[in-house]
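Q: Let the sequences and hints guide you as you build the complete structure.
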Amino acid sequence: MIQIDLTFVKKLQIKKNPKDFSLLFQLYGPKIKALMIRGGSDYAFAEDIMHDTMLTVWKKIDLYNPSKGSFSSWIYTIARNKRIDVLRKKSSQPYVDINEVEIMSNDPDSEKLMLDSQLAGNVKKIIRQLPEKQKIIIEMAFNEDLTQKEIAKRLEIPIGTVKSRMRLAYIKLKECFKEYQ
Amino acid sequence: MKLSQHPDPASLLSYSSGGLSTPFSILISAHISLCSKCTEKVRLYNEVGGVLVEDIAGITLSQEALSKFMDSIENENSDELTIGRVNTDVKQENEMIEIPFPLYKYIGSSLEKIKWKYLAPGIKKFTILIEGEKDAYLSLLHIAPGKKIPQHTHTGEEMTFVVSGSFEDKTGAYSIGDIADHDQEIEHQPTVSGKQPCVCIVATEGPMVFKSFFANVFQSFYRI
Ligand SMILES: [Zn+2]
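As given, the protein sequences belong to chains V and P, one line each in that order. Here the first sequence stands for residues 240 to 420, where the numbers follow the working numbering. Here the second sequence stands for residues 21 to 244, where the numbers follow the working numbering.
Everything labelled a hint here was simulated from the structure, so no lab data went into it. Hints may contain errors.
Claimed, not checked - Here are the simulated lysine-lysine pairs, DSSO-like style, with alpha carbons at most 27 Å apart:
| id | chain 1 | residue 1 | chain 2 | residue 2 |
| --- | --- | --- | --- | --- |
| 1 | V | K392 | V | K372 |
| 2 | P | K154 | P | K144 |
| 3 | P | K144 | V | K298 |
| 4 | V | K255 | P | K88 |
| 5 | P | K88 | V | K250 |
| 6 | P | K22 | V | K413 |
A: Right, here's the structure in full:
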């Protein structure tokens with residue numbers, strides 16, 4: 240298995256080499272396809288969205304800023320936006336890319352937002368340690384593309400309970416920042 | 021900008037996972053464009069999305085997927101490289117009220133061109149139509165100082181974003197950029213505070229139906 244690290248990504252940002260990019264495609268393509276299938280898409284459609292996502296990654300790779308988040312989270316947000324646009328057939332694109340938000344923001348606090356792979360590592364650790372009840376909800380939201388209402392229905396619990404479990408997970412995740420800062 | 025009222029962390033999680041309907045996510049976008057705290061939270065959630073993508077077991081791609089992809093990147097038109105970039109030179113047209121850029125697409129960059137509809141004395145409304153959205157609605161309200169936001173019913177969640185002016189209710193005081201994100205059980209009737217009218221956008225599940233429309237009209241007449 241190839242290792243996609245920051246050096247690899249930076250090399251691609253400097254020179255968009257299709258051959259190197261094919262390695263990225265082979266690593267993330269199958270994962271994005273799996274994500275789309277969990278979200279309710281069929282195989283052919285999942286592959287179309289994956290194709291589209293990876294094409295955007297190729298086109299916009301120079302816009303990826305490592306200080307704003309991990310490479311995987313960047314790819315995730317692109318895939319999510321495609322899913323919203325294409326899979327749900329919504330004509331509008333309400334999701335604001337955080338990297339774009341930053342362009343407009345003059346808030347001095349935003350310096351605190353610096354992130355790197357260390358944060359991604361902490362998030363991974365905390366996700367794995369979450370109580371099962373919270374983890375299931377997080378996975379349903381992110382992997383299966385379910386709304387709070389749909390999660391409540393699926394688990395046969397009130398929507399208020401879904402929200403409070405999400406809040407509890409947030410309290411744990413927040414510790415990533417504490418550790419990091 | 022210092023903001024005091026933020027969306028529920030659960031709403032921000034759903035925003036990040038793509039689980040909010042368009043009207044609600046538009047309001048969250050508007051808020052995070054002004055709020056570094058919530059930007060930070062959404063980033064954290066996006067990291068969760070990234071971690072889950074890394075952990076997911078991939079599904080084998082079709083045989084031609086790679087060659088198809090390699091063909092498209094080689095034929096890719098470099099003109100498209102700028103797609104998705106924010107147009108940073110949107111004019112504010114010398115006006116007092118600054119519209120957060122995620123709202124431009126829906127209400128424009130100025131409130132002056134809004135075609136308001138009279139709702140009750142001191143209250144105007146403009147319904148923002150969102151293509152492809154059947155279950156959730158977005159309404160822009162313009163309420164005069166001292167007036168109450170009319171009581172209304174809807175079938176589920178509600179979220180309010182303050183575009184200009186301020187209001188308060190028993191849950192707190194809300195001013196520009198703040199979001200009121202309450203569970204549906206909370207009964208509240210916000211009153212516009214200060215000397216300026218309050219313009220806010222309300223996202224609701226189900227259309228906003230004004231419960232006591234006539235009562236509101238009469239109250240307003242008799243109060244003056
Ligand atoms: Zn906030």
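Q: I'd like to know which numbered hints this structure contradicts. Please list them from smallest to largest.
A: Hint 3 is the one this structure does not satisfy, whereas the remaining hints hold.
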